[in-house]
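Asks: Chains as they are written, first to last, in our numbering: chain A, -2 to 450; chain B, -2 to 450.
Mixed in with the good hints there might be a few duds.
Since the list gives no way to pick one copy over another, a pair counts as held whenever it fits inside one copy or between any two copies.
Here are the simulated DSBU-like cross-link-like pairs (lysine-lysine), alpha carbons at most 30 Å apart as the crow flies [to be verified]:
hint, residue 1, residue 2
1, Lys121, Lys2
2, Lys87, Lys245
3, Lys62, Lys395
4, Lys249, Lys2
5, Lys447, Lys126
6, Lys87, Lys2
7, Lys245, Lys24
8, Lys121, Lys87
9, Lys62, Lys2
10, Lys90, Lys126
11, Lys245, Lys2
12, Lys126, Lys87
13, Lys62, Lys87
14, Lys121, Lys90
15, Lys282, Lys447
16, Lys24, Lys394
17, Lys278, Lys62
Hints listed in this document are in silico derivations from the structure and should not be mistaken for laboratory results.
One letter stands for each residue in the lines below.
Number of protein chains: 2
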Amino acid sequence: MADHKILLDESEVPEYWYNIIPDMPNKPGPPLHPGTGQLATPEDFAAIFPMNIIEQEMTTEHEVKIPDPVRELYQMYRPTPVYRALRLEKALKTPARIYYKYEGASPAGSHKLNSAIAQVYYNKEAGTKRMTTETGAGQWGSALSMACKFFNIPCTVYMVKVSFEQKPYRRVVMETFGSTVYASPSEHTQAGRSFRDKYPGTSGSLGMAISEAVEDAATSGGEAKYSLGSVLNHVCLHQTVIGLEAKKQLEKIGEYPDVVVGCVGGGSNFAGLSFPFLRDKIYGKEVRALACEPSSCPTLTRGRFAYDFGDTSGMTPLMLMYTLGHGFVPPGIHAGGLRYHGGAPVLCKLVNDGLMEASAYDQLDVFDSAVLFAQSEGIIPAPESSHAIHGGILEAKKATEEGKERVILIGLSGHGFLDLAAYDAYHQGKLVNFPLPQDEINKALLDLPKVNV
Amino acid sequence: MADHKILLDESEVPEYWYNIIPDMPNKPGPPLHPGTGQLATPEDFAAIFPMNIIEQEMTTEHEVKIPDPVRELYQMYRPTPVYRALRLEKALKTPARIYYKYEGASPAGSHKLNSAIAQVYYNKEAGTKRMTTETGAGQWGSALSMACKFFNIPCTVYMVKVSFEQKPYRRVVMETFGSTVYASPSEHTQAGRSFRDKYPGTSGSLGMAISEAVEDAATSGGEAKYSLGSVLNHVCLHQTVIGLEAKKQLEKIGEYPDVVVGCVGGGSNFAGLSFPFLRDKIYGKEVRALACEPSSCPTLTRGRFAYDFGDTSGMTPLMLMYTLGHGFVPPGIHAGGLRYHGGAPVLCKLVNDGLMEASAYDQLDVFDSAVLFAQSEGIIPAPESSHAIHGGILEAKKATEEGKERVILIGLSGHGFLDLAAYDAYHQGKLVNFPLPQDEINKALLDLPKVNV
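Bound conformation, chain A alone:
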């Protein structure tokens, strides 16, 4: 019988993050100033990010050394295990060998802690006295709160109001780590007050919460800095510990994946898992990377590759990415972490260049796969991660049809213990598929900023 899990010793936590940009045949487009449309300069970011993070965002080094205090905190929970999904393979009667890298083993319950620890460390080094951020479903807010407590920096979280009300447990996690959590839009910022005036009774959105957190930092007189949990280069960089470990784990048992599968919202989780393998692909190795997204928010499969704002109100620099339009509001699927109109510019460029594939799945199919996975492997996956599981299961079924062996590596980015309302709806037959919001996408795409690239 094969082993169920492949573990590494904590001395094997990577010493460097891997930066894919120098290896990319075509580089991601540079960020542009939201007002002038000119190339954004480091100073444009300085009001909200410390300079050491801005430098890392723009680095062209192949490898970036993980600072000792960060690596030390990684060692509390890393390397995370790679599991062989033996019981799932059996349930599927597939000749494929399915592995999953489990980031839910982090005490925050997801991969988000990998970047949270790094970002708070750099802020501590830079003298930041308080951190601000937004959170939707709450995974990022939980991770940043934990990291802030580890470094003793107070943290203010603007949590999308509908999540604040529907997921009180997520708020409790953040409060347990000492954070102050506001339902967004709040009374605490100019942006929040104006959203409340403009949209009375609104349930909030990630775009509004970003605006509040950015304003809070920008108007703090330098005391507070802002932190983002995905999309940006430095966040993708931090997450590469996932793929670096997974590669070593598979090597240990003489395996190399035919396909690496992950879910994509902002993109940092799948960037982290796939980039170390895509490096091999760039240099000639045969390996596929499959990005899985919801059909209700099909950024990579139906978005336009164009410059757009990262937030709803147009405050962030313009980024060259796949976008459904910054004004697009996705239907209320349970995978809240995938409801983002854009994606990481570096990941989008790889898709644009054909180095990464993308597929979009309906919510009900995703939950069918999630429940099959839970009943086979015991772990109840987060709705976001379940998209990767569904993509992996489809790959396994294809292997069965073709009667071929295939090695599939799935990124299981988090557990679903705080998302059980979605499973309840599924069991009660209340979970629905949404029709493709093509009209809304078309409409939002009309509002793309005009940029001369």
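Once you have looked at the hints, place chain B on chain A.
Replies: Below, chain B alone, put in the same frame as chain A:
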């Protein structure tokens, strides 16, 4: 810097469970028939348990081989890690070295899966077509549901009504693994209907739910068998994988605990952790075992060592244990898994013989320690496990006062992701200490069954 965690390879999952009874200087009292007060025979248990489990309950072997299919399922998540609580030690400024064995790493979120897998395996072997059980807070019901799904046996869970309503997520976990969950008292059993008649609007109790699950099995014509998640010898036996692994893990780094600390409700978790160490103590080694319980349900510290029923209505065999009286209803503390009037006879006998110590703690002190632990180690502990953390922290503080090194091993039996309402109450200042329910205990002790031992 010392390592943060001590891992074992899955080939090191124990091959045998350890049975402490043959090593005990004085044996636990035998169970008695609830009606006649005579020694209970295997046949007395046959209506609700399969014969292979009854035999295991009575075994006098020192070691019991773990069946291959059980060990194979253990290997999905075992060996669980032992962590060094480096950041907690620093926060406490203690010379003590604190380790914790983390059973929350199980996909069910607690140690309960160790016995659930074994019990369902034996039932499958014996031809059982359906399992019944009760659950309070839901940890046991979740674990048994997962194990039943692994072996494809349908499972019926009677969940205490107040938990069914207050912890819907726990129900969703059980349903995700295919179980049928009833709020107890239910309409599905004679016992349930009579409880509903007798106590209109009752929120239920573990005692009532046990009565329902036992009746369901006993009246099924042999199709269904009943399963209990703690207290009995075979459950404590299954849990010894915890202590066997922990001992090997500490050996690996040249450590041996001065004190082993765990929480006790029914007692199986702490039995599992401590018995392999208590074997050494019986044969002359210096090691302490400290059982931690809530001051609101102080079974080991204020109970009477006497024969009593395991359930409220007096249907189970009589067991010689510490008891607060089977009619005692503990105050509504958040550590639902510790609200039990009795305890495992084998563990109680060790306390009675002075081989194990016991302490009782107030709810607020326990949560102070739980939050300090979470903020230091990242893991939010279950309220039950937090009693062990509090006991361990007190031991570390004693070491600080005495200026002595001390090696402390804490049993962290589960995570608290499904218990966050308790933390919410704590943060809001709504968590209270209950006064010692001495009058209620005195009253309940008047109703102990009269037995001539």
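Asks: With reference to the structure, classify each hint as holding or not holding.
Replies: Hints and how they fare:
no.: 1; hint: Lys121 - Lys2; verdict: between (36 Å within a copy, 26 Å between copies)
no.: 2; hint: Lys87 - Lys245; verdict: within (25 Å within a copy, 33 Å between copies)
no.: 3; hint: Lys62 - Lys395; verdict: neither (40 Å within a copy, 41 Å between copies)
no.: 4; hint: Lys249 - Lys2; verdict: both (11 Å within a copy, 20 Å between copies)
no.: 5; hint: Lys447 - Lys126; verdict: neither (37 Å within a copy, 67 Å between copies)
no.: 6; hint: Lys87 - Lys2; verdict: within (16 Å within a copy, 32 Å between copies)
no.: 7; hint: Lys245 - Lys24; verdict: within (27 Å within a copy, 51 Å between copies)
no.: 8; hint: Lys121 - Lys87; verdict: between (48 Å within a copy, 19 Å between copies)
no.: 9; hint: Lys62 - Lys2; verdict: both (28 Å within a copy, 23 Å between copies)
no.: 10; hint: Lys90 - Lys126; verdict: between (55 Å within a copy, 25 Å between copies)
no.: 11; hint: Lys245 - Lys2; verdict: both (13 Å within a copy, 19 Å between copies)
no.: 12; hint: Lys126 - Lys87; verdict: between (52 Å within a copy, 22 Å between copies)
no.: 13; hint: Lys62 - Lys87; verdict: between (41 Å within a copy, 26 Å between copies)
no.: 14; hint: Lys121 - Lys90; verdict: between (51 Å within a copy, 23 Å between copies)
no.: 15; hint: Lys282 - Lys447; verdict: neither (39 Å within a copy, 78 Å between copies)
no.: 16; hint: Lys24 - Lys394; verdict: neither (35 Å within a copy, 56 Å between copies)
no.: 17; hint: Lys278 - Lys62; verdict: within (23 Å within a copy, 48 Å between copies)
Violated hints, listed in ascending order, are 3, 5, 15, 16; each of the other numbered hints is respected by the structure.
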